[in-house]
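Residues per chain are reported as follows:
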Amino acid sequence: MRPEYPFSAIVGQEEMKLSLLLNVIEPRIGGVLIRGEKGTAKSTAVRALAGLLPPLTVVRGDPCQREPGPTDDPAAVTSVPMRVVTLPLGATEDRVVGTLDIEAAIRTGERRFEPGVLAAANRNILYVDEVNLLEDHIVDLLLDAAAAGVNRVEREGISWEHPSRFVLVGTMNPEEGEIRPQLLDRFGLAVEISAMTDPAARVEVVERRLAFDADPEAFVAEWATGTAALRDRLERARQLLPEVRAGRGVKLMIASLAIGAGVDGHRADLTLHRAACALAAWNGRGAPSEEDVLTVAPLVFAHRLRRQPFDEGRRPDDWLAKAAAAARQLA
Amino acid sequence: MRTQSTTFPLSAVVGQEQAKLALALALVNPALRGVLLVGRRGTAKTTLARAVTRIAGDRRLVEVPLSVTEDRLLGGLDLTHALQQGERRAQAGLLADANGHVLYVDNLNLLSRPIAGLLLHATERGAVVLERDGLSQRVESDFMLIGSLDPAEGPLSPQLLDRFGLAVDMAASTEPAVRVAVLDGREAFDLRAPEPAGRWAADDATLRERVADARALLPEVRTPGWLIEWACRLCLRAGARGHRADLDLVQAGRAHAALAGRTDVTLDDLVSVAELVLLHRRDDVQAGTRQAPDEVGQGESPASREPGEGEANDAGAEAGSDAEESTGGASGGRPPAGSAAAQEPGTTPPTPSDPTTEAKHEGEDRPEDAEGPVPPAGAGGVDESTPEGHLENVAVALQYRQNPLALPAGRVGRGGPLGAPGRRGRHMGSRRKRAGRPDLAFDATLRAAAPWQRLRERKTGLAFALTPDDLHYKVRRAPMAARVLFVVDASGSMGARERLLAVRGAVMTMLTDAYRRRDEVGLVTFRGKEAQLLLSPTRSVTTAVRALHATTFGGRTPLAAGLKLALDQLASARWRKESARPVLVLVSDGRANVALTGGDPLQDALRLCHVIEQAGVSSLVLDTETGFVRLGQAARLADALGAEYRPFAEVRAAGIAGVVRGVADRGG
Numbered sequence: 000m001r002p003e004y005p006f007s008a009i010v011g012q013e014e015m016k017l018s019l020l021l022n023v024i025e026p027r028i029g030g031v032l033i034r035g036e037k038g039t040a041k042s043t044a045v046r047a048l049a050g051l052l053p054p055l056t057v058v059r060g061d062p063c064q065r066e067p068g069p070t071d072d073p074a075a076v077t078s079v080p081m082r083v084v085t086l087p088l089g090a091t092e093d094r095v096v097g098t099l100d101i102e103a104a105i106r107t108g109e110r111r112f113e114p115g116v117l118a119a120a121n122r123n124i125l126y127v128d129e130v131n132l133l134e135d136h137i138v139d140l141l142l143d144a145a146a147a148g149v150n151r152v153e154r155e156g157i158s159w160e161h162p163s164r165f166v167l168v169g170t171m172n173p174e175e176g177e178i179r180p181q182l183l184d185r186f187g188l189a190v191e192i193s194a195m196t197d198p199a200a201r202v203e204v205v206e207r208r209l210a211f212d213a214d215p216e217a218f219v220a221e222w223a224t225g226t227a228a229l230r231d232r233l234e235r236a237r238q239l240l241p242e243v244r245a246g247r248g249v250k251l252m253i254a255s256l257a258i259g260a261g262v263d264g265h266r267a268d269l270t271l272h273r274a275a276c277a278l279a280a281w282n283g284r285g286a287p288s289e290e291d292v293l294t295v296a297p298l299v300f301a302h303r304l305r306r307q308p309f310d311e312g313r314r315p316d317d318w319l320a321k322a323a324a325a326a327r328q329l330a
Numbered sequence: 000m001r002t003q004s005t006t007f008p009l010s011a012v013v014g015q016e017q018a019k020l021a022l023a024l025a026l027v028n029p030a031l032r033g034v035l036l037v038g039r040r041g042t043a044k045t046t047l048a049r050a051v052t053r054i055a056g057d058r059r060l061v062e063v064p065l066s067v068t069e070d071r072l073l074g075g076l077d078l079t080h081a082l083q084q085g086e087r088r089a090q091a092g093l094l095a096d097a098n099g100h101v102l103y104v105d106n107l108n109l110l111s112r113p114i115a116g117l118l119l120h121a122t123e124r125g126a127v128v129l130e131r132d133g134l135s136q137r138v139e140s141d142f143m144l145i146g147s148l149d150p151a152e153g154p155l156s157p158q159l160l161d162r163f164g165l166a167v168d169m170a171a172s173t174e175p176a177v178r179v180a181v182l183d184g185r186e187a188f189d190l191r192a193p194e195p196a197g198r199w200a201a202d203d204a205t206l207r208e209r210v211a212d213a214r215a216l217l218p219e220v221r222t223p224g225w226l227i228e229w230a231c232r233l234c235l236r237a238g239a240r241g242h243r244a245d246l247d248l249v250q251a252g253r254a255h256a257a258l259a260g261r262t263d264v265t266l267d268d269l270v271s272v273a274e275l276v277l278l279h280r281r282d283d284v285q286a287g288t289r290q291a292p293d294e295v296g297q298g299e300s301p302a303s304r305e306p307g308e309g310e311a312n313d314a315g316a317e318a319g320s321d322a323e324e325s326t327g328g329a330s331g332g333r334p335p336a337g338s339a340a341a342q343e344p345g346t347t348p349p350t351p352s353d354p355t356t357e358a359k360h361e362g363e364d365r366p367e368d369a370e371g372p373v374p375p376a377g378a379g380g381v382d383e384s385t386p387e388g389h390l391e392n393v394a395v396a397l398q399y400r401q402n403p404l405a406l407p408a409g410r411v412g413r414g415g416p417l418g419a420p421g422r423r424g425r426h427m428g429s430r431r432k433r434a435g436r437p438d439l440a441f442d443a444t445l446r447a448a449a450p451w452q453r454l455r456e457r458k459t460g461l462a463f464a465l466t467p468d469d470l471h472y473k474v475r476r477a478p479m480a481a482r483v484l485f486v487v488d489a490s491g492s493m494g495a496r497e498r499l500l501a502v503r504g505a506v507m508t509m510l511t512d513a514y515r516r517r518d519e520v521g522l523v524t525f526r527g528k529e530a531q532l533l534l535s536p537t538r539s540v541t542t543a544v545r546a547l548h549a550t551t552f553g554g555r556t557p558l559a560a561g562l563k564l565a566l567d568q569l570a571s572a573r574w575r576k577e578s579a580r581p582v583l584v585l586v587s588d589g590r591a592n593v594a595l596t597g598g599d600p601l602q603d604a605l606r607l608c609h610v611i612e613q614a615g616v617s618s619l620v621l622d623t624e625t626g627f628v629r630l631g632q633a634a635r636l637a638d639a640l641g642a643e644y645r646p647f648a649e650v651r652a653a654g655i656a657g658v659v660r661g662v663a664d665r666g667g
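As you go down the protein sequences, you meet chains A and B in turn. Letter by letter, the first sequence follows residues 0 to 330 of numbering that gives the first Met the number 0. Letter by letter, the second sequence follows residues 0 to 667 of numbering that gives the first Met the number 0.
It should be emphasised that the hints constitute simulated quantities derived from the structure, not laboratory data. Remember, it's a predicted structure, so these values are computed and weren't measured experimentally. Glycine residues also receive a C-beta, built at the ideal position from the N, C-alpha and C atoms. Incorrect hints may appear among the rest.
[Claimed, not checked] Facing chain A, according to a computed beta carbon distance under 10 Å, are these residues of chain B, among others:
| hint | residue |
| --- | --- |
| 1 | Leu216 |
| 2 | Ala244 |
| 3 | Ser539 |
[As the list claims (entries may be wrong)] Just the calculated beta-carbon pair ranges, DEER-fashion:
| hint | chain 1 | residue 1 | chain 2 | residue 2 | range |
| --- | --- | --- | --- | --- | --- |
| 4 | A | Pro2 | B | Glu387 | 32 to 40 Å |
| 5 | A | Glu221 | B | Ala211 | 28 to 36 Å |
| 6 | B | Arg124 | A | Thr70 | 38 to 46 Å |
Please take these sequences and the hints and turn them into a complete structure.
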């Protein structure tokens, strides 16, 4: 199998890259939806992320990678890399939620649960390409699991449940139709990306891709230093994150931004807080600054603002600048 | 499977040199993924696709039937093996079968969107991830894709178009000598005449070797940096969004150089392949806004292409014989078919349901892309000897190339009433747990139950134990959603702006609320001499916003032209499998003062109304007539359409979107 294109070799698209990295640092941000036109390295970036993911501590052989508890045999505790689990468009329900092990049923008449994609995705990244085209009944299953953090299966007389907490990453081209609002709401962050129009950048894209296609292994090796540096920085950020605390001023700013945006509930506040802390950790600081909040705020609010017909595609920057000024005064 | 002797030889296909080139390039360089053949019926699309095996070495052709289901395409559990051997094994689907070979899909635009999406996704990744029937695996599926598409049958989304590295416009020749050559070739083949057969076989063999050599040479082919930059700038200039076009242009140039036995890509290589790479990625194609339908073959006015340039290229494109090819090549290395604009002869007789075809020619002098930049007067101002001049030439030639993916006018599908919802849609796949549906998928149900038979207690007398859990129901693509087309009078100045603003608001409301229903909404306006498709029916809010910004008002009132355009749009959806229920919303006071036929404008409009009604379109007429003296013509139109009739002002207050939704739900 040929290697994935390295994350560090992706040209431009800084916002998309940042939103993915923040989710690796702080999985509770809740994933990211990448909206953009065709041919803008959306899928490439998500798949490339796999090369940067940290290890998870698990009990050997556990199909849903649970965090080892006090009752688990310490000898069985091991470390596996965090993964990008793909939910393909043609997936059937039984493979998403899991089903009985068919082979066991036929051979031995044994009822044995065989975990599905939702089990594999626990503590990992669940990636749906063209998420706006996912069939409604599969979306329902995803939403159920995402809301509860648990997947429950009742089939052939057995019940089974397992944790299913995943970082949901979706990519879509809005020209192909929109995404269901309930699903949209599940994404912590959203980014809009478009192709670069600077010829020099485009040339860079083509040259790197040509080099990769010509000899993938050599290309990956060539970028290994950059990849290692990114991975180290991610690891330091993850270590630092538990100690990152937002000051009262920053929290007030977050709250007033959310109020200004007129979003429902508190989810946006929480996400903004987590994303700002993750960004601070990424930059090696113990507390997020107002600047951090303003950097991630567009990612948090992009898909949560009520749509203004004819303002579509315009970023909420103007609004954000005003809200930030007001928030500063308040704080 | 066809054997070599029963496959029509590639060398025997007359003309279509661009298509042959594209196929050879894709065979040489897998990075190009696939070739899209765009053309009307009878333009040798399928013949060419099958003939590819003659130059493809040991690669064979796997054909995807239109009726393909997800199961068959992706593969699934091999049930026989599971029951007999007690082992779980994947049964290969067509995508796995095609690994290492050539996959052909005829009428790609008739495949359902999800199936087409799966197919093109595999094309890009070289593999499919299978999460079905208790199987979870990655299946290698690395193939070259050939897709064909008849634009008369409906569009293909820009996202899917972009997955094809190359696209070819397959117009039939208008040159009698060429057409005779086509006949001769076919006759000789059918009679198994030994003379040309031997020559064809030899020519095919030569080409096969050339392709094989080029494939071997490809890894050594290098592209100088300045040419990569040139390619990127051309793609930007041509309005191709995304980065795939840039890369495909360079890759196609490499394949072109390899076919010539060279290891260095030249400017000529890029110029020769530019049209193949950019044809389907131009701005107007990509934005999903198609030109107002032109009468194909007549619509290409002299003004719409450059004088001089067109002639030289015609020679190269039409015949494809060696002599004429070299003429094209000598003219400074322009793309051989740079402006081989649809030479489609008027082979399509007007259909009975189209009373207006003949009168259309008078208003045909509009260039295909009226909003595009004004071309330089002739190509004279551009210095062809520089790369810059080449870039300009190629870009301009592309711009004035007729959009082959535009929906031709006067085509109302293949007749018959609209597909009714319910149990008549095509069977796409099957799902569990849809109680209450009458449509049991017997095979899927048995498959679901089979593995558990040893576990279950069988009732006496029954060979098979079923539980409600096993029941699978067929999933069909029934036309649940609506395809709503607003047709709005933009003539006059009083009120036109206001009408349009209200309708825009309704369009946006419908689109932003339409996630679950997947309605498509489009907008046609009519004013001055013609109707304009402002927004091709779409589900995308983004596309709508982009399209709905620029509008002009005022002028005369060509009502019939608006209705005609609407008819074309609504009828084109009919044969797509995801076909939506067509709904027309006419916003007008019924006044008309520009006719299509030269007769009475209102009679024209009424006649079209009847045709629209006959086509099974649900309609709503919103009457904008105000004032003291009223003519009541909108009510007459509503009668002819069999439409619901409401005063615009009243509906506007109540919310247009809601009323339209009501009509859409009742119709069909």
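When the least beta-carbon distance from Ser539 (chain B) to chain A is tested against 10 Å, hint result: OK, holds: Ser539 (chain B) within 10 Å of chain A, min 5 Å.
Assuming the hint says 38 to 46 Å, is it satisfied by the Cβ distance from Arg124 (chain B) to Thr70 (chain A) or not? Holds, since Arg124 (chain B) and Thr70 (chain A) (Cβ atoms, about 42 Å apart) stay within the stated range.
State, for the Cβ atoms of Pro2 (chain A) and Glu387 (chain B), whether the hinted interval 32 to 40 Å holds or is violated. Given range 32 to 40 Å: holds, Cβ gap about 39 Å.
Closer than 10 Å between Cβ atoms is the bar; does Ala244 (chain B) clear it against chain A? Give me holds or violated. holds, 7 Å
Between Glu221 (chain A) and Ala211 (chain B), does the C-beta distance stay in 28 to 36 Å? Holds, at about 31 Å.
Hint validation: Leu216 (chain B) versus chain A, beta carbon distance must be below 10 Å. Holds or violated? violated, 13 Å
Checked against the numbered hints given earlier, this structure breaks only hint 1.
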